[in-house]
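K.L.:
Sequence:
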Amino acid sequence: MARRIRQSPPRSGHRCFSNSTDSGLTWGNEMGPKYLTVDEVAAELNTTIRFVRRLIEERRIAFHHIGRHVRINRADLDAFVAAGRVEARRAA
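Using my numbering, read the sequence shown as starting at 1 and increasing by one per residue.
These are calculated hints, taken from the structure and not from any lab test. No false leads were mixed into what you were given.
Taking CB as the label site, the calculated pair distances span:
#	residue 1	residue 2	range
1	ARG54	ALA92	35 to 41 Å
2	GLY67	ARG89	43 to 49 Å
3	ARG53	ARG89	31 to 37 Å
4	GLU87	ARG53	28 to 34 Å
5	ILE49	ASP78	15 to 21 Å
6	GLY67	ALA43	18 to 24 Å
7	ASP39	VAL86	24 to 30 Å
8	ALA92	ASP39	42 to 48 Å
On a predicted model such as this, the values are computed, not experimentally measured, just so you know. C-beta atoms are modelled at their ideal positions from N, C-alpha and C, and glycine is treated no differently.
Whole structure, please, built from the sequences with the hints as guidance.
P.N.:
In structure tokens:
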């Protein structure tokens with residue numbers, strides 16, 4: 001006896017994981033804070049990876065552990081850079 005497989009009608013409003021904004025899902029800057037890897041931070045600061053890891057070890061920059069991975073929030077990186085700013089001297 002042959003079995004008949006019932007096919008469901010195609011759904012018109014289903015959600016899919018794509019870059020399309022009409023699906024109801026958004027990917028990108030709307031998801032919240034941007035976390036950077038150690039490699040990305042080193043590239044952003046134009047320094048070595050070892051320097052960034054030393055900053056993390058000495059707790060000189062805020063960071064997050066996500067599992068065994070280390071991530072640095074974009075706002076924390078901007079705050080670190082702003083805190084290191086030195087104003088120019090004025091001529092007397």
